[in-house]
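Residue numbers (this note's numbering): 1 to 460.
In short, the hints are calculated from the structure, not lab data. Possibly wrong hints are sitting among the right ones.
Computed cross-link-like contacts, BS3-like style, restricted to lysine-lysine with a CA-CA straight-line distance of at most 25 Å [stated by the list, open to error]:
(1) Lys-460 / Lys-359
(2) Lys-56 / Lys-71
(3) Lys-3 / Lys-21
(4) Lys-359 / Lys-42
(5) Lys-56 / Lys-359
Per label pair, the in silico range of CB-to-CB distance [what the hints assert, rightly or not]:
(6) Pro-142 / Lys-117: 20 to 28 Å
(7) Gly-221 / Gln-260: 33 to 41 Å
(8) Ile-171 / Glu-419: 16 to 24 Å
(9) Gln-260 / Glu-67: 45 to 53 Å
(10) Glu-67 / Pro-386: 23 to 31 Å
(11) Arg-261 / Ala-36: 43 to 51 Å
The beta-carbon is built from N, C-alpha and C at its ideal position, and this holds for glycine as well.
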Amino acid sequence: MRKILVANRGEIACRVIRTCKRLGIATVAVYSDADAGSLHVKQADEAVRIGPAPVKDSYLQIETLVEVARKHGAEGVHPGYGLLSERRAFAEAVAAAGITFIGPPPEALDAFGDKLKARAVARSVGVEPPPGSDGPISLADPAALAAEAARIGFPILLKTAGGGGGIGLQIVHKPEDLDRAARTSSDRGKSAFGDERVYIERYVTSPRHIEVQVFCDGHGGAVALGERECSVQRRHQKIIEEALSPASFFQGDEGQRRRQRLYDSALRVVQAAGYRGAGTVEFIADADGNLWFLEVNARLQVEHPVTEMISGLDLVEWQIRVARGEPLPSLQPSLRGHSIEARLYAEDPAKKFAPQPGKLARLRWPDPADDLRIETGFEEGGDITPYYDPLIAKLVARGPDRASAIARLDRALASTELELVGPRGPASTNLAYLRTVLADPRFAGGSYDTSLAEAIASGK
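With the sequences and hints as input, model every part of the structure.
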């Protein structure tokens, strides 16, 4: 491939463009009116306006994106992560135009883009999800809804069948809260994904979010590149990730056997759907180390740099290589040391992590090094707009062990200079909060679950 259109924005597009430059591949960026002066626009070889600021009018316009790719001679389209990256319709439209889609085949996107289908795929190869409903629940029959919830057992989770990012997720502890929570989940799914279907899973108490990075080629090759711990979350969305997981149930000989069984399970799930390219298989664990399948993200994840840091691989490069028909390397790469990533957001942890739009009046990063990466789509003077996710950057550190990786990340955060000015004056970021999380004894000891981030924010 000599030219690739990057169908995304911000730090995601910058990440893909960086690898393409190293490989000598020209890039075409796309941008909305709100992103006209963005870093990814400046870094690409060509840039094309695709519409006004709202994503539905710009970055989600399949026909427009395919036409830009065709008109500008792109031989491949990289969807990035998020937006259209898991949409079967986009992959099919790209292929119909005679352009290579740098992602999984449409059939795999179809299987894993719907969480109910994904549950069925996992169970077909002996990988169990949490107990739950086998199909969407009916909001029109409250008695049947209550009976299904009672069968599964409280507390329960109501989840949207389409989409991701924790949108629509509702935890229900009491039967009297069930009906309202189900309607809230359905409404949010319809608004965000155009899919109002909702299903029920048993809620795992004190959960840890563990995910496995997988990669498959078109020649039968498949590899698991370790797991990531993603349990530091607010609003069911991740803010700190690390590889490998520090959970106690992965320690010792039995822990290593459990880890290998996890990798084998992840590979069985994706291979059952004829997967190709990079993907993430997500699991939920309880305090005893029991692991259940959650879903497959049929794309590269935001947190993929921690895997790259301990494997020495460039996963975007391998996405491109696999898309053009190359086999994966024959050897399993060794995973060295520990890596940890913090997501720096324009948000106020003291106000339930409310987004804080504004201008980056000052932005100075620590110098990048072999043990530190800065992944960002902004430079000083850039605007954090209300139209998109308020992520400013990801800081990714590596060390020979977990303690040294955490210390390296903390030093990087301490030396970051950041001033955000909102419409009414200084605005908040989560910079100081991230350092508070790293210093918390529960995090430092590796004995945390998905409740930690919000507990720290509330002073607990």
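Hint-by-hint comparison with the structure:
no.: 1; hint: Lys-460 / Lys-359; in the structure: violated, 32 Å
no.: 2; hint: Lys-56 / Lys-71; in the structure: holds, 22 Å
no.: 3; hint: Lys-3 / Lys-21; in the structure: holds, 10 Å
no.: 4; hint: Lys-359 / Lys-42; in the structure: holds, 18 Å
no.: 5; hint: Lys-56 / Lys-359; in the structure: holds, 24 Å
no.: 6; hint: Pro-142 / Lys-117: 20 to 28 Å; in the structure: holds, 26 Å
no.: 7; hint: Gly-221 / Gln-260: 33 to 41 Å; in the structure: violated, 18 Å
no.: 8; hint: Ile-171 / Glu-419: 16 to 24 Å; in the structure: violated, 37 Å
no.: 9; hint: Gln-260 / Glu-67: 45 to 53 Å; in the structure: holds, 47 Å
no.: 10; hint: Glu-67 / Pro-386: 23 to 31 Å; in the structure: holds, 28 Å
no.: 11; hint: Arg-261 / Ala-36: 43 to 51 Å; in the structure: holds, 49 Å
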